[in-house]
Amino acid sequence: MGRKWWTLIAVSVATFMLLLDITVVNVGLPSIREDLGASFTDLQWVVDAYALSLAALVLSAGSLADRLGRRRVFAAGLGIFSAASLLCALAPDPVFLNLSRALQGVGGAAMFAVSLALIAHEFPAGRERGAAMGVYGATIGGAVAIGPLVGGMLTDSLGWESIFYLNVPVGLAAIVVTSTKLRESRDPNVTRLDWMGVATFSGALFMLVLALLRGNDEGWGSGLIVSLFAGAAALLAAFIAIEHRVSQPMLPLGLFRKPAFIGVQVAAFAISCAMLAQFLYLTLYLQNYLGHTPFESGLRYLPITVAAFVFAPLAGLLLSRLPARVMISAGLAAAGAGLLLMSGITPTSDWTTLLGGFLVAGAGIGLLNPTIADVAVGVVPEQQSGMASGINDTFRQVGIAVGIAAWGAVLIDRGVGKVSELTAGTSAATGDYPRELVEAASSGNLDRAIAAVPSPAHELVADAASQGFLTGLNDILVLGAVLSFAGALLALWLIREREIQRDESGRGLNSADEAAAHATIERPPDSSDADAVDADLVHVWTTALATYPRAAEPGAADGSRQS
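Heads up, the sequence shown is in the numbering used here, so the first residue is 11 and it goes up one at a time.
Be aware that one or more of the hints could be misleading.
Across the chosen pairs, the derived CB separations fall in these ranges [what the hints assert, rightly or not]: (1) D360 with V320: 22 to 32 Å; (2) R458 with T356: 23 to 33 Å; (3) P357 with W503: 39 to 49 Å.
The list that follows gives simulated cross-link-like pairs (lysine to aspartate or glutamate, DMTMM-like), each with its CA atoms no further than 25 Å apart [to be verified]: (4) K268 with E509; (5) K268 with E507; (6) K268 with E253.
Read the hints as simulated data drawn from the structure, not as lab findings.
Built from N, CA and C at the ideal position, the CB exists for glycine as well.
Taking the hints into account, I'd like the entire structure generated from these sequences.
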């Protein structure tokens, strides 16, 4: 088998691992809570630790790969990801698990940054590249479609640890293939890494998320929380100052002079924060409140995934026929409408209460992902498209991390108010007990929390805790809808077709074009460099790899856009 096909296999396997690990973790969270005694905040960190490290490092990982070699960094990413997966499976407590998840994000960032560039240099433009991208897209679609089901089956039959154990042998096999079969590539014009930018950006994100996660416990006016918010603001200001001064910034602020570039980042952040960050809390509702098993929960997520798959190709067809701002605005509006349809959950509701919202929101996600991917790289010069794609992915991950922390804080705060109202005059309404009840109801640990009150009040307290959780959940769904609608209006206002660069087919220029054009390939003397990646095929990268649920590769469409 030729070297190029080994490259495709290695990249596809790595991509499958990344996506599967993201999509299966949510359905395993209640089991993790039960086995490790995790708190509500611990469960938030299981997702946030991964998203934070990925968001903070993906841009720098691409620059590091340009310097050290893309194959080398890809193999290192596989090794880190596999080792971290083993540590996750062996975790004796929530802190160890979350630190291991952060390490997973480091490996994921390294793999994420260079995967498509490796394929780009092995397959010349045309039929072969089309076949390679078809296989790659099918791998992505399969991982997204079966992820919740695989996670549910593994958790139900072998335990949540098997979710992470699965990555170890697969990752080791991929490392062997990468080290023995893939070619090396570097950028001959590589520049210094922006280490200060990485440090200040990562620090600001960490302090912001930590403040949001700990605010209810410590008190929003406490010295610790105020200091964390102030520190995050100071580090963010330092980051902006550094990016203005360094010659090769991690995040070129000049790109934000274009309103359309701001608009597409707002859209990426909005859909991730408003919609995708909600899946943690919807999973807690499905499993801890309704009592569904992990596998049953995975089945109930299928409608949103199927809807996204159906509407993603439609978005591909409409890309050359409708203005991008209309497509993005419509997708965000549909996601907002879906969130509103999901809200209004009552104590007697079943999961079918979510079904209409799942379908509408899934359609919005299907419209959004291909369009955001197209515009994100089309609003900048071709030589900056790789950076633009990475920035867009960073905004997606930041949206998830901040959204999980913020919605969790609102859920607990609103739930505490409801519990205090329903238990007024009893011991359950005093001190920190209302918060403990809501967190217990959210994380599936209500029986233990109720045991602390006299038995005659058990029924009252249990009902109050359940209603508190539902009140908080309904409120964050509505607030997510408001954020999604706001993102839709901002995208409609900021994004203009005249700022979007197009290739001959009318589609935005893509990050892999830049990667292929500027890399040097270490090849035998008689081999030739690969051409730039075809823009109609490479949309699968940013469309599929950013967040769950992801849409399949959009279909190509000819013609030019309307203004």
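Hints, one by one, checked against the model:
no.: 1; hint: D360 with V320: 22 to 32 Å; verdict: holds (24 Å)
no.: 2; hint: R458 with T356: 23 to 33 Å; verdict: holds (25 Å)
no.: 3; hint: P357 with W503: 39 to 49 Å; verdict: holds (41 Å)
no.: 4; hint: K268 with E509; verdict: holds (8 Å)
no.: 5; hint: K268 with E507; verdict: holds (12 Å)
no.: 6; hint: K268 with E253; verdict: holds (17 Å)
The structure agrees with every numbered hint stated previously.
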